Structure formats: C-alpha cells, structure tokens
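Engineer: Given next are the chains, with one letter for each unit.
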Amino acid sequence: MEYEEGLEGDIVPDISFPQPTSGFVFEDEDEENEEIIDDEEVEPSNEFYSKRQESSVDNRGRQHGNKKGSQPRQNKQFSGSIPELVKQFVTYFHRYIQERNVAEIQSMYENSWNKLTEKFFFNSPWPSADLIAPLVENDRVFLMLYNEMYYRHIYGKMSPTQEQRFASFKNYCDFFEFLLHSNADLPLELPKQWLWDIINEFIYQFQSFAAYSSQLKNKSEEELNNLKANPQIWSASVVIRYLDSIIKKSNIVALLEEQNSHNVQKGVESSNMGTHTLFSQLGYFSIIGLLRIHVMLADYHSALKTVAPIQLFTKGMFTLVSACYISLYYHVGYVYMVTRRFVDAIKVFTAILLFINRTRQYHTRSYQYDEIVKKNEKMFSLLAICLSICPQRVEENIHTMLRDKFSDKMQRIQKGEEGVIEELFLAGCPKFVSPCTPNYNAPEADNKAGHFSGTEISRVQVKVFVNEVMQQTLLPNIRSFLKLYSTIGLSKLAGFLEVDQETLREQLICYKHKCRTLVYNGGAPASGEKASSSDIDFFVDGDMIHIIDSKTQRRYSEFFLRHINKFDEIISDLEKTGRV
Amino acid sequence: MLHDEYAEEDTADEFEKSEPEKEAENISITTMSSTDVESIAPLEGKVNSLLGETSPAATDANLSLVKLYQFHPERLNKDILSKVLVRSLMNLPSNDLQLILYLLPEKQHAEEPTLTVVRLSNHLERAQYAKFWEATKGAQELLSSVPNFHTTVREFISSMITLSHRTIRIEQLEQVLGLSKEQSNSYIQEKGWSNDNGAISLGSVDQTQTKKMSQNVKFDDLSRILKTLNK
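Chains as they are written, first to last, in the UniProt record's numbering: chain A, 1 to 580; chain B, 1 to 231.
No lab work stands behind these hints, which were simulated from the structure alone. Just so you know, not all the hints are guaranteed correct.
Said to hold, decoys possible - Just the calculated beta-carbon pair ranges, DEER-fashion:
| # | chain 1 | residue 1 | chain 2 | residue 2 | range |
| --- | --- | --- | --- | --- | --- |
| 1 | A | 422 | B | 56 | 31 to 37 Å |
| 2 | B | 187 | A | 377 | 41 to 47 Å |
| 3 | B | 48 | A | 111 | 56 to 62 Å |
Claimed, not checked - Covered stretches of chain B, going by a simulated chain A footprint (3 or more residues, C-beta under 8 Å):
| # | region |
| --- | --- |
| 4 | 99-113 |
| 5 | 116-129 |
| 6 | 160-169 |
What you are looking at is a predicted structure, and each value in this text was computed from that prediction instead of being measured. Each residue gets a CB set at the ideal place from its N, CA and C atoms; glycine is no exception.
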C-alpha cells in the first residue's frame, strides 16, 4: 500500500497553477479545451437503446440532464486526451486529499466536480481510473475514491453496463476492505457529505442491481452466464455484512450509547471521542444505511433495532447532512406507520416536512434537490394516510398543504376506499428489494409472477397494510360521535351508526385496542410508552357509554408567535421604505 | 473474464501485508451474519424451545427465523412456520403477526396455515370475539401445536374487556371469553370480579375526571420572537 509513503514524499510545495483563495476554481479557463468532446459517436447502436429502456426502471430523479439532453447519452469509454482543466482538477483533488484539507476537498467534491461534469462529461463518463493514475502517482486510495465518483456519475447520468456494475461493486468492496483493515491512524479524512453519499450510493446501486438482474429479457448469453457465475455480487447478504462490519469496526454504537447516557446533547462531533473521525462518521451513516436496507427487505423489526443508538428529535449527527436527516426520518416514519404507530409516524413526518419546508431555499442549490423534492412528496402521501386513520391537529403550514392536496383522498380513506389507501401507500413507500437471486434459468414470466421480486414484496406490504387500515376505518366515525356526548346509550349510538348493538360493542373494544399503541418518548426509536393515541377516552357501563372528557386547549401560542413574526416583518419593511 | 477478475476478491491481503499490526483482523467480512443458511437449524431449535414463552427474546427469534426463510425460501419449514404464526397471535396486543406477514412471500399468504391464522387475527383485531371462538373450533389441530393457546388469548380478551368496560352482563362475558356457564363462574372468582345479579363489575376504569391536554411552548419557538421583544 503506497498511500503512506505517498503522503510524506509527494506534497509538491510550489505548484505553478495560479491558486486563488478558494483553491481550485475552473471558471477562468479558455476555449482550447473544446476539441476534446468528440462528436463522432453520437449515433447510438440499437443495443444501446434497448439497454436504456430496461434501465429506465431504476432511474433516479437526480439527473437534471433529461430535459436538456436531446443528444443521446453515450456510455462509452472515455477516449482522446484529458482536458487540461480536468488534469488540474485531479491533481489538486489528489493533493488536498493527501493534505487532509477537508474544506477544499468538500468544495471540489460539491462544486468543481459537478461543474466539470456539466462542461465535459455531461453525457459521457469521466476518464477511467487507469487514465488518471499517472497524474496521481498511482495512489491506490485516491483511485478508489475517484472510481466511487466515476461510477456514481455513470449511474446518475447514463445506464451502467453489466461490466460497470460489477466493477463498481468491486470498487466498493475494495474500499471497505481497505478501511476494515486499516488502523486508527489512517491518514484519510473526507467531508461528511461524501461519506454519506458513499453509503447511500452503495445501497442505491444494490437496489438498482436487483432491478437489473430481475429483468432477464434483453440480456445476452454471456451476461446471463456472468450473473449465474457471480451470485455474491451485489447480494443482500454481502451488502448487509459490509455495513455491519463497518459499524462494528467504527465502534460507533458504544460511542453513541455512552453519549446518550451522559445526555450530551451537543452535536455528535466525533473528534473529541478519541477515535478516527472518518470511521465513526462512516459507521454512523452505515447505521442509517442499514436501516434503509432492512426497510427495503420489509424487515421492520430489525430496522428499528438497527437505529437504537440514535435518538430522534435531538440534534444528533444526522442533522449535519440534510440528505441523511431526511433519509433517517423518512424510513423511521414509514416503519412507524406500517407497524401501526401512527402517532409517532405523524410526529416524525411533520418534523422533517417542516425542516424541508423551512430550508427549501437552501436545497434548491443542492445537487440533491430532486431527491429531496421526491422524498417530500412521498412523505406527504404517507402523512395523509396516517392522519385519515388517526386524525389529530398538526402544525398549521403542514395542515394547509395537506388540505390543498389530499383533502379529497383523506375523506375517501375514511369512507373505507381501499383503492385510495393503496394508491397513496404505493406513492409514498420505499422501493423493495428481494434478498434472493432471481432464477436465471427460468423465463422472465416465472420470475415476475411467482418468486420473490421487489414488486412481489411491495404487493405483500400493500396487502398487509390495507388489511390493517380496513380494520379501523369505522373508528374515526365513532370518535366524531363520542365527541358530542358525555354519556350515550349503546342502542342510541348503534342507531346513529346503523349497526346493531353487539357490532357497536365490538367496535368500541376495537377502538380501545387500536388506540393503545407505543408512543415514542425519547431513547431508542423502537421504544415507547403504551399510551392512547386518541384524544377521547370512554368506558362502557352496562349499556351506557361514559365519555371521559378531555379538553385540548387551542393553540393560542402558535397563533401569537406567527403573527408577532408577521407584524415584525411588516414593520421592518415599512421602516425600510421610510414611512414610519 | 469478469468473474476471473472478481475471483481474486481477496485483494485485501495486499493491505494486510503492509499493515504491521493486525489488530483489525478479527473484524472482517467473514463474520457470521444473521442471513447465513447455517443459522437456520439452530434458530429453529431455539424457536421450538421458546414456544411457550411470550418474551421479547422469543419474538426476536421468531422474526429472525422468518427473515432467514425470506433469504432462503427453499428451506422454509411449514411446521415451524405454523407454530410461529399461531404463537404470534398469543402475543397480542403486540403486532408480531403483522411483522411476520410483511416478511412472508405471496405464496404463503395464499396458503394454509397463514389463511386461517390471518382469519383468526382479523376477528381478534376487530374485537369479534364470539366469531373468533367459533372459528377456533375448525382449527383445533393447528392451534394445539402450541401449548396454552386458549388460555393466553383469553387473557388478552379479558384485558381488552377490562379496559373498555366497567360492568358487563354475564351472558356477554361468557360469549366474548368463549366460556360455558360453569367455567365462567370459576373464571370470575379467579379474577376477583363481583357478580351482581348477572352484572359483572370488572373493578376497573376509575378515571372520570377530565383529562387536560395542555399545550407546551417550546423555547425554540419563543427564541424567534425574542429579537422582536428586545426592540
């Protein structure tokens, strides 16, 4: 491993490239680089088209290229000479990584890379690692990191070939193995955002591979043979094991537990934790990655157990990377919903939707904007389901947005329309992935109809969830009647609801049963106190229902706070125009 | 050619050589994972031995086993699956059954014993207890595979009745608990409930005063206006 030697010997003290204060900037380049983009291979082969179609399933919204790109993307090896600017980028990038200059790495990672991509590699891959290797003295660690971005770019902008999928997997494995065999003095530091992206992309590519490998049509004999011969590539077990191993290696669980027990609420900055920052951050993100994997496999029990060391509604490390924050809350909220903890689901969704709403302006500039918008939509759908089953007051902005978009659908859910629940559930649920390798010998039809595909798992989720919801669609109706009375006879209420007395008794017991759920009260997300999720309580005495009154005071404070702020803005506007 | 490349997966060795201390050696990808096919047999043993219990450990074991079946569908053992399903009903009001159903392949959903267990569960979830007891009669063989099924479920129903009722007619009680006249008398005694001419006082629910849901103003919210107040 040449990395350590490289660090000592290779920091070139003075580089002729003019270095502005913000490090690498590429805007001031001249036209000479234009020639590099060769237009020869614009005409795509048929084979290329068929690939693009099959992969459209796993296209993320993240590429903005679609609208502009009338030109078909060419997923071909980079050829020709590397533009000077890209060479400089690579050299500087390498240097900053060796110097562990996290601020510069971050700026190049978030800005320069994307700008150069738009300029030179909008619809073709970056130069492959062996082409840039001479520029970075064959630094193996750098090349793995470069490859990570190289393949992520291909996944984002083009449709990866089988070879690229395999190679990307191998690159992740190499990188993780390298980390797992390193010591605490590893001279490597990366921005949090990038570390999160590594874990997130690893899981995305796993999911993408599952979609790819379950479509056996359009695959050549050779491709099928490759799939058969390599069942371990992108297999769920291997992916889970890597995340598990990183979590263990980073010792993050013990660190978090220690922090939780000391009740330190300051951000989980790991530098003072006496371990390697990169490991503990990567370990932390792996916990959330593993949560996502378990959710994809529909294992909700393990999902919540995985995030046990993370406390919701605190300023934990997850708040430092928006995408991570959103992913954690989306998945935990979803799990709460499907395990009938509706109160918690509503609380989690509301919190994160408010966060997205509040920081909207900031997100529009982020390269993850599309992803965030998508999650936002998904969570509104799920929140609409939760609130139709478990009606309660939510924050006013959220309430308005829901009313505008979903009021009709929410009413139809309360009338017991299965189709609407299904529709909203499918609009909001995550993608599911089967843990089994498809049967490559069987024709595609068999795989679709019978065994273990992601779509099958998603059908099962819908079925089980709809069944659960249908058990309680009558309850909001009963609730609205009970709110009007302090005592009412069973027979009278039965008359209102047009059911017989025994059915009503059943419904009342059912109401009690369904409303008693775990409610999160700090600590591990799986924990909670048994509490009633309903705002009314009652008991049956003989043939009379006694309703225990509970008064929710109106939220004056919120109203006042909002208006104070509003007036304040008006006053300061007026002051500016000089009228006061 | 692709697999050849991959065959030398253990490029990690290269790193090991250059690392003088190998303290990280034990933490590696080879760690036994909960998804290995080899874990199935021991876990099945554990599930069987914990069958009489409703502890969290038993729930964990059951769910882990169903998950292993998800990874290795060819190893699914229907006998054990049916025990796990029946036992999950005994863990009500927890939603064990729901968690298992999410993990089961579609094929199992359309077959026995899942169909019967889901039917029974729907009755219990909807508090249709009389229908539930009626339905158990057709499933004796399945339900007797797990000890104490009837007693445990009766306890659950009993707790739901106490939660929702202050008094209930004895005939209704017999119906929801699935007991005969003689059985119900001893059951009522055992529970310490009082019988007043057929109206059974369950001696529960004593919370007649108004519950108040107060609103809390968080400091974060206030901080937004502190600036204004300062002017």
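Engineer: For every hint, state whether the structure bears it out.
Structural biologist: Hint-by-hint comparison with the structure:
no. : hint                      : result
1   : 422/A - 56/B: 31 to 37 Å  : holds (32 Å)
2   : 187/B - 377/A: 41 to 47 Å : violated (53 Å)
3   : 48/B - 111/A: 56 to 62 Å  : holds (59 Å)
4   : 99-113                    : holds (count 9)
5   : 116-129                   : holds (count 7)
6   : 160-169                   : holds (count 9)
Checked against the numbered hints above, the structure breaks only hint 2 and satisfies the rest.
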